[in-house]
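If you want the building blocks of each chain, they are given just below.
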Amino acid sequence: MSMTRRMFGGVALAAMMVAGTGAQAQDDNVRIALVVKALGIGFFEAAAKGAEEAAEELGNVEVIYTGPTDTTAEGQIEVINSLIAQQVDAIAISANDTDALVPALKKAMQRGIKVISWDSGVAPEGRMLHLNPSSNPLIGNMIIKLAADELPDGGKVALLSATTTSTNQNIWMEEMNKVMGNYPGIEVVGTVYGDDLADKSYREATGLMQTYPDLDAIIAPTSVGIVAAARAVEDAGKVGEVNVTGLGLPSEMAGAIESGASKSFAIWNPIDLGYSATYLAYQLATEQATAEAGAEIPMGRMGALTLDENKEGAMADPFVYDESNIDEFKDIF
Amino acid sequence: MSDATSPRHIPDRLQSNAARLLKSWEVLLLGVAILIFIANSFASPYFLNAWNLSDATFNFTEKAMIAFAMALLIISGEIDLSVASIIALASTAMGAAAQVGAGTTELVLIGLVVGLAAGAFNGVLVTVMGLPSIVVTIGTMSLFRGISYIILGDGAYRGYPSDFAFFGQGYVWWVFSFEFLLFAVLAVIYYVVLHRTNFGRTIYTIGNNATAASFSGIRVARVKFILFLLTGLMAGVAAICLTSRLGSTRPSIGFGWELEVVTMVVLGGVSILGGSGTIPGVVIAAFVMGLVTFGLGLLNVPGIVMSIFIGAMLIGVIALPRLWDMWRRS
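Chains as they are written, first to last, in our numbering: chain H, 819 to 1151; chain G, 311 to 640.
Please keep in mind that the hints were generated in silico from the structure rather than gathered at the bench. For each residue, glycine too, the CB sits at the ideal point set by N, CA and C. Please note that a few of the clues may not be correct.
Chain G side only, calculated, beta carbon under 7 Å to chain H, not exhaustive [stated by the list, open to error]:
#1 N362
#2 D365
#3 A466
#4 N610
#5 G613
Full structure from sequences and hints, please.
So this is what it looks like as structure tokens:
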């Protein structure tokens, strides 16, 4: 018996400790849950930073940054259930599964919680709106703009894409071709495909420089290709002659920015994404905006989100990374 | 000098202390569960709410259904680590059937049959070929889920019939979900099977000494085969509930659940070496795990901290009686 009591004592102590951490402020704050795919991922930690920034601007907002330990739908459902129980005002989620979360999120909406998805979307019936980091036309314009900005007198550029059947890359290049008229003097001399393989992309980039000795820039709208192209430029000793740009990850591109092989590149900014998602959730939770097709919902310093017929919207141009900000972001994602 | 007068302590049974502790294991766990319940009620104003508690039961009901069969299997000295992959396989089969227009009855049958077939496959490899179950089921863990990945890739099955949603989302009465009642009914059935039938006694006998059991006329291989079948069947039942709750199937469904199921069984006082353990222990362990994860979730404790808490709880509950034993002996 004494042993039983002893053990209960220990458990009771643990229980008290749990209870001690639970003293929650019960005020009239708008409570917005930022649910991510999994905790401990730099991209999402940065998004949480943006959410806090938005919360500070808005004043009466409490951000609950949460998510499962691994990127599973079941883990996110447990998180959603506990958020429903806490009667949060809004859930902004980057989903691990487009469909599996729908029943749980529907339940949340039935209980009066506003639900939006961001980054990685939920099927339309499981959320009120979806925030895309950017849109295809904006990306298509950005990749050529990055190259053109470094070539005021015009020049020759080539594209290094993923595979010939990569949907995203093909759409972006198509969108790029539509706006080529805005960049007179820029000539696209060729397109090669590195299949999103590091070695093949490297060989194709090297080939481009041999085929077009007066090449001024390589545009790679793929995170694998852009790194390989930068390496190829460095190895060919053409740093300063050929500028590599496109879409890439700051952590992988830091070296290329430092060496000068790449002057700048673009990708979404997770801080802006978390900031905008929080802003949108706040607008819905306080009923200052309703999520309907055609609505324009303000999101602070990021402007406004215009919803299409699927109640989706694009946040902004891809964010440009160069030597001025690469150090800040290379440790994030 | 005093050696001559004081009797030397020779334990008559090595298990004596542990056996006595096991009697109170369920009581101890129940105490833990009640304390967690009380702590949670104080920690969060949202905890004591019938609907919230009902939502929380979904955190453990499906896993607990498998844990019942797994408890029997572990008591018999075997283990099945492929249960989560059986869920994936059964769910994929149901999804494929739903795409070609299968109704709810067919889907349920398919889920159960695939579970049974997967269990039979494990059972044959272990009992007929004589392979160690831990190796076999680590293999089938990759195999079963691998098949799901081949079939589905990065796609998903959806479009289940609307009445199929009842198994994972339906309520039978007030806050009592179908899943929770199924969990309760299965708990009673497994209690009766393990503690009130000859079959149950033979499971303990096999777990304690398989050789002696077979010399006593127990058909060891047959009993073990049946237990693998049961575990597969329960994984099939869990697959039906989980698929219905998610309303869709992806090959990653139920990923990592095998360890949570084994944790539940061990926390429930079942010896991982076989031979001892009870169903009430597993039931209480299911509640303990469910209450802890839900309670910590309400406080928005990050999942990483939650895993540490569950791990510490498991080691603590397992180690404390042993420490107590050592302290008493010294």
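Satisfaction of the G:G613 interface hint, Cβ to chain H closer than 7 Å: Cβ of G:G613 sits 4 Å from chain H, so the hint holds.
Hint validity - G:N362 Cβ closer than 7 Å to any chain H Cβ: holds, 4 Å
Proposed interface contact between G:A466 and chain H, which counts if any beta carbon pair is under 7 Å: holds, 6 Å
Hint validity - G:D365 Cβ closer than 7 Å to any chain H Cβ: Status holds, d = 5 Å.
Hint validity - G:N610 Cβ closer than 7 Å to any chain H Cβ: Interface hint status for G:N610: holds (5 Å vs cutoff 7 Å).
The structure meets every hint from the earlier list without exception.
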